[in-house]
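In order, the protein sequences belong to chains A and Y. Mind the numbering: the first sequence is residues 1 to 498 in this note's numbering, read in order. Mind the numbering: the second sequence is residues 1001 to 1324 in this note's numbering, read in order.
The set of hints was computed from the structure by calculation and includes no laboratory data. This structure is a prediction, so every number in the text was calculated from the model and none was measured. Idealized CB from N, CA, C, for every residue including glycine. Certain hints may be false.
[To be verified] Partial selection, computed: residues in chain A whose CB lies under 10 Å from chain Y: (1) E214; (2) V217; (3) P328; (4) V330; (5) I335; (6) Y336; (7) T349; (8) N355; (9) G364; (10) P369; (11) V371; (12) R374; (13) T378; (14) K413.
[Claimed, not checked] For lysine-lysine, the following BS3-like pairs were computed, each having C-alpha atoms within a straight-line distance of at most 30 Å: (15) A/K305 / Y/K1184; (16) A/K305 / Y/K1263; (17) A/K390 / A/K418; (18) A/K397 / Y/K1297; (19) A/K397 / Y/K1184; (20) A/K397 / A/K486; (21) A/K367 / Y/K1297; (22) Y/K1184 / A/K390; (23) A/K390 / Y/K1263; (24) Y/K1297 / Y/K1263; (25) A/K390 / A/K420; (26) A/K228 / A/K390; (27) A/K418 / Y/K1184; (28) Y/K1184 / A/K420.
[Stated by the list, open to error] If you anchor each label on the Cβ, the simulated ranges turn out as follows: (29) A/A133 / Y/L1018: 55 to 61 Å; (30) Y/I1094 / A/S93: 27 to 33 Å; (31) Y/I1094 / A/S368: 54 to 60 Å.
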Amino acid sequence: MTPIVELRNVTKEYRGIPAVKDVSFTLERGEVHALLGENGAGKSTLTKMIAGVVQPTAGEVLIDGAGVAFASPSEALGRGIAMVYQETSLVPSLTVAQNIYLTDQKRFHRLRGIYIAGQQFLQSLNFQVDPTAMVAALGAGQKQMVEIARAVHHNAQVIIFDEPTATLTPEEKHQFFSLVGRLKRRGVSIIFISHALEEALSIADRITVMRDGEHVVTDVTSAFDREKIVRAMVGRTLSGGYIGSHKDRKVRTAGDKVLSVQNLSMGNLVRNTSFSVFAGQITGVFGLIGSGRTEAAKVVSGVLKRDLFHGGQVRLNGRSVRYRVPRPAVRDGIIYVTEDRKLEGFFETMSIAENIHIAAMAGGRTKSPTVSMREMRTIAEEWIGLLNVKAINADAKVIELSGGNQQKVVVAKALVQKPKLVIFDEPTRGVDVGAIAEIHQLINRLADEGIAVMVISSYLPEVLQLSDRILVCRQGRIVEEFEGNKADDETIMYAAVH
Amino acid sequence: MSSMGRLSQEQIVFGLALLLCAGFALALPGFLTTNNVLNLVRSVSILGILGVAMGLVVIGRGIDLSLVALMAISVAWTLNLIGGGMPIAQAMLIGLAFSLIVGAINGWLVAYAEIPAIFATLAMGTLIYGFGRYFLFSLDVAYMPERANSLLWLGQGTLLGVPVPIFIFAAVCLAGYLFLRYAKSGRYVRAVGDNILAARITGIPVRPIVVQQYVMSALIGYLAGIVTAASVASMNTRLALSTYVYDVILVVVLGGIGLSGGKGGIRNVIVGTLLIGILLNGMTIMDIQYTVQNVVKGALLLTAIVIDTIVNPRDEQTAQQGDI
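Start from the sequences, fold in the hints, and give me the full structure.
This is the structure we're talking about:
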């Protein structure tokens, strides 16, 4: 049987730099094919060639054995190939049904008509989504369902998911996986790009690993285990990665109480919560999205606007503080490392050196009102070396780096400010496996140096791996505390959801 | 990046300016005379100084539509005060202080009251013009009094055969360049323009920097106003109602300082100033109507932006960071 999608020796170059080099790939009918690799490995580019978003520089794309050259994603959609992106492409101010039928040829729709059709259609897919609901009001998981429904409505034979589970809660993830199963039974072929290896191992029929734009290995899932994939992805075995149990780990003892938060309230996101963070220790905060963990951290560090602040007390080294803007918090040594580096992490028109140096200046490390180019170079070289940022040189623009290296620059920006308390919010989101291990080592090193570290994460293995103490956040409150090497994933998850 | 024929907007505009210059030189006999070139550069100097003021604000992702109105009113007031018998230095200090205070109010409106810069400064421009005409003086045109003739040197004098305004333009450019590159707060301006959220979280004093931006613009604007008054021995406050402020924005945008902030520098202002100066001067010699000149200016701006888009396509794929 001819594969539904076949790529023969495709290459894609951006401005002469190859993102994908001479890769061949097949997608069989009705299979779930996981595409794995570090950031910058070429997974997205490869699938975008299938979906007509970009055109290959060399090589052939075959659909059902026939060569094609899609000029646009809509041409690919016409041939039954749909791509579902990480950021959804739905119109937030329209209803679910309107979104599904948005690109239909008919010029006018009767709303009642599309609501009834939408209801039946969604039910046939077994999706629990109200067709009359406004998309803006839906959660991430439901939005994704609508995107998928739209793809199925367009008779998609091939659906490409780019990091579908990154923004989902565990419950939504579960629903997503059963959905993939249903799509598969309908004969839809699926390509699944992910950073979460367990997910690939549990739902894929076959796995392809890419590295640096090249194909490394393709095989049936049963031929892989976690370690083998990681080795294929990074071309080396990880030290200090996820391999090994967290229970063998020695837990650091608490130093001075650096931060103490009492009865903090903010809107209905943070409700009367209290917690403490100690020097020389990593305090992990686990909570599902919407549990108020990020908001609590942002109040403490002055990032959130003050008018939302309803009450409670924050003490830094015993002194009561209340920051209206981040600057005094930064000056006092509380640094918040954002979960959304594209939005508020770095300056995209500036080089790596300028980014790090401007943080050094803002953190009060340099007192002079003028900029010393030599000092900038020294500080930049120091941190690029310490954090192993991979770039051509310090003058490279941060925006041109891979996700992992961007994150390292964001971390460097924080650490150059000589913090007493660092709050990492999702420190490894959208970061490749190699860089995850490096960032984790770095976080451990900080705690060893006696700095108070708080790590907020919705990725359970990360919390278990790093934390000396684990706080569980639920509905705006810290509800449970565990010792780092005593807890296990089930008890933590239980505390987080009930 | 500039290899393989990839030109920046700055280079394109510079090329256009040279082309235009050559064209005018061939077509217009009066264009390349010493007298005209000096006249051209002198008139361009003031536009260029204002361009630096506007450029600093635009790099910080703002815009100052009150720049010309504030310049006209504060300098006209200064002249009126001198005419009324006040010592020159004292009158200038008062004019300057007025200018800086208005600049600070602009900054406060944008940074602390969080009003979009375009509305805050638009309203401020109108307010200042009306305020000045009603409360400070009553005539449209303020003339340079006899005893302030020493000031005329700033606009009409020469130094080593070169008109003084050109030196002032050069000095302002140098100061602007040094500020953006070597001053901590200059770096902060760029950071705020690039990504205000990141600037905030990094601990940069975002709001004071925004205020500083508008104060600097008012300061440089006042200087430009003094040079203007010295050039023609008067200040016509009707300038505040003209489209002059849009010429300044044209210079800045044409030179390649993106309105989205964070991009560009003083070099862009110089290049934009050159092009506009050559164009306006050539058209004036050709005796082209003022309204037609506006058509040409508008068309030129669009052309520059279109060429920039074709030569430097905004590729969504490469623009998206990270995963390629």
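Tested hints:
1. E214: Check failed: Cβ of A/E214 comes no nearer than 14 Å to chain Y, outside 10 Å.
2. V217: This interface hint is violated because 20 Å lies over the 10 Å limit.
3. P328: Holds - the Cβ of A/P328 comes within 10 Å of chain Y, reaching about 8 Å at its closest.
4. V330: Cβ of A/V330 sits 3 Å from chain Y, so the hint holds.
5. I335: holds, 8 Å
6. Y336: holds, 6 Å
7. T349: holds, 4 Å
8. N355: holds, 9 Å
9. G364: holds, 8 Å
10. P369: Because about 5 Å separates A/P369 from the closest Cβ in chain Y, which is inside the 10 Å limit, the hint holds.
11. V371: holds, 5 Å
12. R374: A/R374 check fails; min Cβ-Cβ to chain Y is 12 Å, beyond 10 Å.
13. T378: violated, 16 Å
14. K413: Holds, about 6 Å.
15. A/K305 / Y/K1184: holds, 26 Å
16. A/K305 / Y/K1263: holds, 28 Å
17. A/K390 / A/K418: holds, 23 Å
18. A/K397 / Y/K1297: violated, 34 Å
19. A/K397 / Y/K1184: holds, 20 Å
20. A/K397 / A/K486: Violated - the C-alpha atoms of A/K486 and A/K397 are around 43 Å apart, more than 30 Å.
21. A/K367 / Y/K1297: Roughly 46 Å between the alpha carbons, so the hint for A/K367 and Y/K1297 is violated.
22. Y/K1184 / A/K390: Between Y/K1184 and A/K390 the Cα gap is close to 27 Å, so the pair holds against 30 Å.
23. A/K390 / Y/K1263: Holds, at roughly 25 Å.
24. Y/K1297 / Y/K1263: Judged against 30 Å, a Cα distance of about 23 Å means the pair holds.
25. A/K390 / A/K420: With a Cα-Cα distance of about 27 Å, the restraint between A/K390 and A/K420 holds, given a limit of 30 Å.
26. A/K228 / A/K390: holds, 24 Å
27. A/K418 / Y/K1184: It holds: about 19 Å lies between the C-alpha atoms, which stays within 30 Å.
28. Y/K1184 / A/K420: Distance ~24 Å between Y/K1184 and A/K420 Cα, so the pair holds.
29. A/A133 / Y/L1018: 55 to 61 Å: Given a distance of about 60 Å, which is inside 55 to 61 Å, the answer is holds.
30. Y/I1094 / A/S93: 27 to 33 Å: violated, 53 Å
31. Y/I1094 / A/S368: 54 to 60 Å: At roughly 34 Å between Cβ atoms, A/S368 and Y/I1094 fall outside 54 to 60 Å, so the hint is violated.
Violated hints, listed in ascending order, are 1, 2, 12, 13, 18, 20, 21, 30, 31; each of the other numbered hints is respected by the structure.
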